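Novice: Protein chains in written order, with my numbering: chain A, 34 to 561; chain B, 8 to 371; chain C, 61 to 381.
Check the hints yourself; a few may be wrong.
[As the list claims (entries may be wrong)] Residues of chain B clear of chain C, computed beta-carbon distances all greater than 12 Å:
1. Leu22
2. Ala45
3. Ile51
4. Leu55
5. Leu107
6. Pro136
7. Asp177
8. Arg182
9. Ala186
10. Asn188
11. Gly200
12. Lys206
13. Ala364
14. Lys367
[Said to hold, decoys possible] Here are some, though not all, of the chain A residues that point toward chain C, as calculated from beta-carbon distances under 10 Å:
15. Ser97
16. Asn142
17. Phe143
18. Leu151
19. Gly156
20. Ala157
21. Ser162
22. Glu545
23. Gly547
[Said to hold, decoys possible] Below, computed lysine-lysine pairings styled on DSS-like, alpha-carbon distance capped at 27 Å:
24. B/Lys10 to B/Lys241
25. C/Lys310 to C/Lys261
26. A/Lys374 to B/Lys244
27. A/Lys374 to B/Lys10
28. A/Lys453 to B/Lys241
29. A/Lys296 to A/Lys365
30. B/Lys10 to A/Lys453
Keep in mind the hints are simulated off the structure, nothing from the lab.
Predicted model only: the values in this text are computed from it and were never measured.
From the three backbone atoms N, C-alpha and C, an ideal C-beta is built for every residue, glycine too.
One letter stands for each residue in the lines below.
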Amino acid sequence: MNSSDILGRQETAAPSLPLAIELRGISKAFGTVQANKDISIQVKAGTIHGIIGENGAGKSTLMSILYGFYKADEGQILIKGIPTIIPDSQSAIRAGIGMVFQHFKLVQNFSVLENVILGAEDGALLGPSFTRARNVLADLSAEYDLDVDPDAVVENLSVGHQQRVEILKALYRQAEILILDEPTGVLTPAEANHLFRILRGLKAQGKTIILITHKLREIMDITDHVSVMRQGQIVSSLETSETSPQDLAERMVGRKVLLQISKSAPNYGDEVLRVEGLTLHDEQGVERLSDVAFSIRAGEILGIAGVAGNGQSHLLEVLAGIRNAQGRAFLKSEVLNLTGKSANAQSRRAMGIAHIPEDRQDMGLIMDFMAWENMGLGYHNDPLYQHNRWFMNNDALLDETAAKMDRFDVRPPIPTLAAKNFSGGNQQKIVVAREIERVPDVLLIGQPTRGVDIGAIEFIHQQIIALRDAGKAILLVSVELDEIMSLSDRIGVMFDGHLMGVKDATQTNVNEIGLMMAGIAPPQEGII
Amino acid sequence: MEKLPKWADAFLVPLVSVFIAFAISGLVILAVGEDPIAALRVMIDGALGSTYGWGYTLYYATNFMFTGLGVAVAFHAGLFNIGGEGQATLGGLGVALVCLFIPWPHWSLALCAAIVSSALFAALWAAIPAWLQAKRGSHIVITTIMFNFIAASLLNYILVNQLRPKGSMDPASARFPQATNLPGLDQVLGLFGIPFSSKTPANISLIIAMICCILVWFLIWHTRLGFAIRAFGKSEKAAVYAGINPVRITLYAMIISGALAGLMAVNTVQGEANRLLLNSVEGAGFIGIAVSLMGRGHPFGVFLAALLFGFLYQGGAELALWTKIPRELITVIQALVILFTGALDQMVRRPIEITFALFKKKEH
Amino acid sequence: MDFASYIQILDSTIRLSTPLLLACLAGLFSERAGIFDIGLEGKMLAAAFASAALSYATGNVWVGLLGGIFAALLMSTIHGLASITFRGNQLISGVAINFLASGLTVLLGQNWFQLGGRTPPLGAGARFTEITLPFADDVANIPILGPIYADLISGHSILVYVSFALVPASAWLLYRTRFGLRLRAVGENPAAVDTAGVSVKGMRFAAVCICGVLTGLAGAYLSTALSSGFGREMTAGKGFIALAALIFAKWRPWYALGACLLFGLLEALAIRFQNIDLGLIVLPVQFMQALPYVITVVILAGFIGRAIPPRAGGTPYVKEL
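Next comes chain A alone, as it looks inside the complex (with noise of 0.2 Å):
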């Protein structure tokens, strides 16, 4: 296949028909799982629509019938008024639709270029793809604001510029329809701007956006149409001018939905956690964190914003004992050993801080391993699970863990099922049972809601809360800045691996977190 085909296929399209994308009663299912139930969206051309939903409420799914990844069990994919039957990528591209996900697809050591022509060659030799490309790429540059150095290495460029590479990628292709996939998750408010920007030059030119999101605010900012789905179903399509921000997230959740947490006033003790001078180099020999400082008292929680990977993950490995860095912290009066023997999650844990890691997959559970294995991960050298000193005691670890399930209703109660065959949400309550159950003086948390349903969301925060209700200092990171700016007391923000400032929660709003997010420090009291 080469791009001649894509350009004679443009050329003899059919006349431009309002509706740029028509889906007619898509269903998909795995196993007895429903992920789409009777489908139907119609998108006009020249529009933006949006798509909003939980996690899990099957948005991924559909965007993935779209561009061929998965088979639809049933219903009709109409583009430009014609059926057309999208059975891989290559036919999606055909039929001009572009993808850009939410994990770039890139070849991180390959340049701009060689990442824009793959699989859009002009030929067997590359010299010719290279040339022409070129040309396409200063023009698509020029005329959408979507500015990339063509021999730039990807892995060398912005997180927010490697996204624009993904856009020219599509255009490359002549994609008459954009769809993104929660694009704004890794940008800063301003890199965020800078994309709806292009996005509404690229309606201006006649074309079609479809935007996948969770967040209402771009939904509302945005969008012309908007359709929410829950539990695999559409249940409203609607102007965007004719709703607002709470009618979308009832529509989202199918009940009331309190977009502000309760929670009481703080109680402060004395100080828990003190952190100076913290620095960390990573293998690579990268500056993660420089010079921050900040402390943490009893009955407190401390939000840490900022856009991912700004050194809010490091900062927490390093806090966890996974990673050595210089700089001094205490705990109460202890020291906390940076480096070292002691500077492991062992020792961490047995000066009692907690951790449950932004990545429950890959870091928090093991997938293999039982519900109750994973529940000794971390604490399996307590004397607790042990008969003495040489064989462990498997039976107390096991009901122990059909305890926590209980208490913390983790479904399926079974303690012997493999982690991996739980939800989300319930993967994540068994590492938030398994962490806040010891009551640690220091719970560290990095992302405790991603990818679980709101139930869990509402259950988990009421578990941060009363953690903290109960004297317990806790560092809470997150990228969510509606979680941060609801549950914290006081708020960080991290930019660069710098801690940009701490606010009052009580004191800031969203347009000062956001200034900083995106490096731009606050004026300071007093000063203005």
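Since chain A is already given, all that's left is putting chains B and C on it; use the hints.
Specialist: Just chains B and C now, kept in the frame of chain A:
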């Protein structure tokens, strides 16, 4: 939820895999113009038809238990130890040194010393690739293969230049003193009044191998170290999160793995040959891979798979004796078992899963 | 040592490097596409046997060569099925292939020829003979350059020249063509290739097949050019050394040439000098035999340079968002 019931996963899948491997081997026998059924009969007669045959079968099975357990322990830590061959070679050196140079008053003391020495030598030989992987990131698979070659050269040098008795042309050590000879299986079974051939090399090492199976079972599922090994093997990131030191676990797992492989030298060098030969391991280190894969890394599975391969090995020798089928047939069967129980697991598993899913649907 | 000795050592370096180079390039294509291959050894062995057996049977070395390539391709297909289609463990599959070749070659060899697994010696038409390049005899007497041309460059079998020509050819294919771009991409990030509408399985199978053809050449060279006939286990770890050379070469064709020449030189030295007397100590022959493996270990341990393998290497591709 779970695609297969536990019993199917543990027994049915490996059995089907082995059956396929055997069926293809049968075709190979057909292709070289022999009758597979007759061949099987020769093998069964030769390996299981007499206590003499059983003696050899159990002797080989003892080797495979040790090497299979070794590979299994490393597998649990996510490490593929192909170096059993070299580790067992070094284990042989360990046995020979204590047997040759220390005058033992009684075989039991010599046995204890040989166990410690063989395990130690082999563990050391496994520890170097482990350290290189943990600290320097070199791939343990390739390093352990290289260490097999290096071990062969090393043993060659030591036998030819150091241990060879004066005047002997044979690259082998002198015979061990009588006092180090281990009691044969006939003597052990004789204690219980069971008659057994005294002309076979099977010896008390079989009992040690079986004890090792039990010990490894306890280690993997009932100790903290076993928990750490399994956690590390499934997910290094999660292990580090749990405070498990990857360098230490890699070393421990490989040291245990190597030591187990080395123990087979007690069976071959002390139990059978009574001297150190150039190639006393004879591929048993590699068969450990097939045994471990077939046994699903479980000591009981390893025990059964080792018996099967012991049967194959002895049966194969009989085949070579009575038919035109050379011993290398066993290497082919071994390769096919590794292929179907290891690399093509999904191919075997998927149809079984689908069958089970169909039955489940009918139940509802 | 005189000049002629140097020439001799370098000449055997070239001979001994050739199978390593072919196998190394074979591994390069496979691993650049994300398929680890520790079964190079087995494929070479199978090819060596098949080409010797067929050459002997037909008296035509070219038929033998085709047979060798076919045998190696068969092994590649097994590896492809296991690691691409059924997403199995690539290392285990490679190990299985090594044993399969080791067992089958002797089993069939014994059955066909009754020579303990060897094939009968190959006659003139059934092996690759040495090619004398033009004017080699005329210039042989010119000092220095003459012997270099006549004895070192000229006088090898066609497969030697093919293998050296394959280095620039591979580099060109990898870096200048659409196929190469896609092949490299599929070893780095198969999802990028898949979403660009190119079949990941197709690319990986293509790479595995190229690997089969090249190991086929390597094996055929061993039994029909370097020696005249097949002997059991005649690859003797060359496949693993080629693998080490590949890592040393950081998965690049030109570096692969250098690495293979180095290992070839070591082997040549080990063959020429049995015990090397260094004055203070005498290096025994066993040490020289073990040296390539020791050096491989040292290289792998990263004491000499560090390499980043293809990022998707060793992992089967599963479609996901």
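Novice: Does each hint fit the structure? Answer for all of them.
Specialist: Hints, verified against the model:
1. Leu22: Consistent with the label, B/Leu22 stays out of reach of chain C, its closest Cβ about 18 Å off (over 12 Å).
2. Ala45: With a cut-off of 12 Å, B/Ala45 remains clear of chain C, as the shortest Cβ separation is near 16 Å.
3. Ile51: holds (20 Å)
4. Leu55: Its Cβ never comes within 12 Å of chain C, the nearest being 23 Å, so this holds.
5. Leu107: holds (20 Å)
6. Pro136: violated (8 Å)
7. Asp177: At roughly 17 Å from the nearest Cβ of chain C, B/Asp177 sits farther out than 12 Å, so the non-interface label holds.
8. Arg182: Check passes; 24 Å lies beyond 12 Å.
9. Ala186: Answer for B/Ala186: holds, closest chain C Cβ roughly 32 Å.
10. Asn188: holds (30 Å)
11. Gly200: Holds, because the least Cβ-Cβ distance between B/Gly200 and chain C comes to about 41 Å, which exceeds 12 Å.
12. Lys206: Non-interface label stands for B/Lys206: nearest chain C Cβ at 28 Å, farther than 12 Å.
13. Ala364: For B/Ala364, whose nearest Cβ neighbour in chain C is about 18 Å away, the distance exceeds 12 Å, so it holds.
14. Lys367: Fine: 23 Å to the nearest Cβ keeps B/Lys367 off the interface.
15. Ser97: holds (6 Å)
16. Asn142: Since the shortest Cβ distance to chain C is 6 Å, the answer is holds.
17. Phe143: Interface hint status for A/Phe143: holds (7 Å vs cutoff 10 Å).
18. Leu151: Status holds, d = 5 Å.
19. Gly156: holds (7 Å)
20. Ala157: Constraint on A/Ala157 satisfied, holds at 5 Å.
21. Ser162: holds (7 Å)
22. Glu545: violated (34 Å)
23. Gly547: Because about 28 Å separates A/Gly547 from the closest Cβ in chain C, which is outside the 10 Å limit, the hint is violated.
24. B/Lys10 to B/Lys241: Status holds; Cα separation ~19 Å.
25. C/Lys310 to C/Lys261: holds (24 Å)
26. A/Lys374 to B/Lys244: Measuring from Cα to Cα gives roughly 18 Å; hence the hint holds.
27. A/Lys374 to B/Lys10: Violated - the C-alpha atoms of B/Lys10 and A/Lys374 are around 43 Å apart, more than 27 Å.
28. A/Lys453 to B/Lys241: This hinted pair holds, its Cα atoms lying about 12 Å apart.
29. A/Lys296 to A/Lys365: holds (26 Å)
30. B/Lys10 to A/Lys453: Given pair B/Lys10, A/Lys453 holds - Cα atoms ~12 Å apart, limit 27 Å.
Violated hints, in rising order: 6, 22, 23 and 27; the structure is consistent with all others.
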